[in-house]
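There are 2 protein chains.
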Amino acid sequence: MAYELYYWDGIQGRGEFVRLALEEAGADYIDITRQPGRGTGAMFDIMKSDSEPHIPFAPPFLKDGDLIVPHVANILFYLGPKLGLAPQDEGLRHVVNGLQLTVTDFVAEVHDTHHPIDMSLYYEDQKPEAKARSAAFIRDRIPKFLGYFERVLRQNPKGPNHLVGDALTYVDLSLFQVIEGLSYAFPRAMTNRKAEYPALLALHDALAKRPNIARYLASPRRLAFNEEGIFRHYPELDSAG
Amino acid sequence: MAYELYYWDGIQGRGEFVRLALEEAGADYIDITRQPGRGTGAMFDIMKSDSEPHIPFAPPFLKDGDLIVPHVANILFYLGPKLGLAPQDEGLRHVVNGLQLTVTDFVAEVHDTHHPIDMSLYYEDQKPEAKARSAAFIRDRIPKFLGYFERVLRQNPKGPNHLVGDALTYVDLSLFQVIEGLSYAFPRAMTNRKAEYPALLALHDALAKRPNIARYLASPRRLAFNEEGIFRHYPELDSAG
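Just so you know, the protein sequences line up as chains S and Z, in that order.
Using the working numbering, read the first sequence as starting at 1 and increasing by one per residue.
Using the working numbering, read the second sequence as starting at 1 and increasing by one per residue.
Chain S on its own, in the form it takes in the complex (with noise of 0.2 angstroms):
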């Protein structure tokens, strides 16, 4: 049975992470929202149920048969060993998902570069905040959590190739996402920036080259990044930092 993926249908958003492991693994999936006819409203159905016993918070979430797991770092835990794209060993599997949840926290603060506010509001009701919280996000965070992986890949005992051991884990096509949208969101910042990480760039570059993700990539199930996503490109709040 196909697996079912739930999430907004315009944007790449958290969803994307779970789309690139489906799709490096080949594996078959359905993008609920996004088939003809269908968008939001079979999300809100099982979000707003008041009869199915593990209501999910928010979007994403991945349904396998009756199972319906929630937030993407539990997604690729669950999917994670089904698409060969998890370690054998217990323990890295936990040293994945640590990193993965790292991923998770960077993305939320990518977030909220543009709603460092309230996000009942838009963008443009919290833009001096947006530019604040942004300019502390250039200047410390991106070092931070990219120089963190970089690290990770350099003293990885198996080699700089892969986060964790000698092998293509999620948390790799992760970092690749991550990469993709901070250099959509903050080309200025990034340009000036990418020469530090070459260990994460070179996986970046050879991960954009493996076949399926290539294709996946060139396909029209890989949306544009746009300003209703997580990565928004807001030229004034993007700097070289």
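No wet-lab data here; the hints were simulated from the structure.
It is possible that part of the hints are untrue.
Because identical chains share one entry, a pair is satisfied inside a single copy or across any pair of copies.
Claimed, not checked - Straight-line C-alpha distance at most 30 angstroms; calculated DSS-like pairs for lysine-lysine: (1) 127 to 209; (2) 144 to 209; (3) 158 to 131; (4) 48 to 158; (5) 82 to 63; (6) 131 to 144; (7) 127 to 144; (8) 158 to 127; (9) 63 to 144; (10) 63 to 158; (11) 144 to 48; (12) 48 to 194.
This structure is a prediction, so every number in the text was calculated from the model and none was measured.
Got chain S; can you put chain Z on it based on the hints?
Relative to the frame of chain S, chain Z by itself:
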């Protein structure tokens, strides 16, 4: 061999979610940085190591022999089965993990009520923005998150005494801590709201009476809440909502 917990030495913070699980289970653990003569040096030695293969991004992290497991939800996912605080069923473990990750998101939003712009600055340097963010948090986010967890309890097919299944899991203990923390940080908001979440409050009160938890809360191992932690009481940020 005892589990080693690494976290800041003067606050409950995120480490408290791990401590509550270890204490409930009566597990053998060492709160490393709080040992006489230790402090946070041992924690930073691991984080800054240039030879450790799996460096954590931030505390808390758990050391179990050679394995380092970072992030609260990851530590609890790892410990849950070993401590008898996770369901037997593999799918339900991912349900518990999904709920724990919703707690993670909520706790990050609590942090941002006093640090909405720049976490490298003091609260005092971002007070107007903190007031705006706290107002939105009290108005929108507390009801959204607590309302969700209340629904999860009510829709549990096994009854409203636990979030998942018919036995205690670590995420029940984390919800206890969330209620404790919110009641400390936002007493006015919570006083006005508590009646809306009877199942959550009943869970909180029942857990406070469990022998190991009651003993822990009365011990010097339970630090008091303070204004260095995640849950901070700044009267000017609290309101009846």
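Against the structure, the hints come out as follows:
1. Taking the shortest Cα distances, residue 127 and residue 209 never come within 30 angstroms of each other, neither inside one copy (38 angstroms) nor across copies (47 angstroms).
2. Taking CA atoms no more than 30 angstroms apart as the test, residue 144 paired with residue 209 passes inside one copy only; the shortest distance there is 27 angstroms, against 42 angstroms between copies.
3. Taking the shortest alpha-carbon separations for residue 158 and residue 131, neither the intra-copy value of 41 angstroms nor the inter-copy value of 48 angstroms comes in at or below 30 angstroms.
4. Only between protomers do residue 48 and residue 158 lie at most 30 angstroms apart by alpha-carbon distance; the minimum there is 20 angstroms, versus 46 angstroms within a single protomer.
5. Taking the shortest alpha-carbon separations for residue 82 and residue 63, both the intra-copy value of 14 angstroms and the inter-copy value of 27 angstroms come in at or below 30 angstroms.
6. In this homomeric assembly, residue 131 and residue 144 come within 30 angstroms of each other (Cα to Cα) both inside a single copy, at 19 angstroms, and across copies, at 27 angstroms.
7. Taking the shortest alpha-carbon separations for residue 127 and residue 144, both the intra-copy value of 24 angstroms and the inter-copy value of 25 angstroms come in at or below 30 angstroms.
8. For the homomeric pair residue 158 and residue 127, neither the shortest alpha-carbon distance inside one copy (45 angstroms) nor that between copies (47 angstroms) is at most 30 angstroms.
9. For a Cα distance limit of 30 angstroms, the shortest separation of residue 63 from residue 144 across copies, 23 angstroms, qualifies, whereas the shortest one inside one copy, 35 angstroms, does not.
10. Within a single copy, residue 63 and residue 158 get their C-alpha atoms only as close as 34 angstroms, which misses the 30 angstroms cut-off; across copies the closest is 21 angstroms, which meets it.
11. Within a single copy, residue 144 and residue 48 get their C-alpha atoms only as close as 38 angstroms, which misses the 30 angstroms cut-off; across copies the closest is 12 angstroms, which meets it.
12. For the homomeric pair residue 48 and residue 194, the shortest alpha-carbon distance between copies (22 angstroms) is at most 30 angstroms, but the shortest distance inside one copy (43 angstroms) is not.
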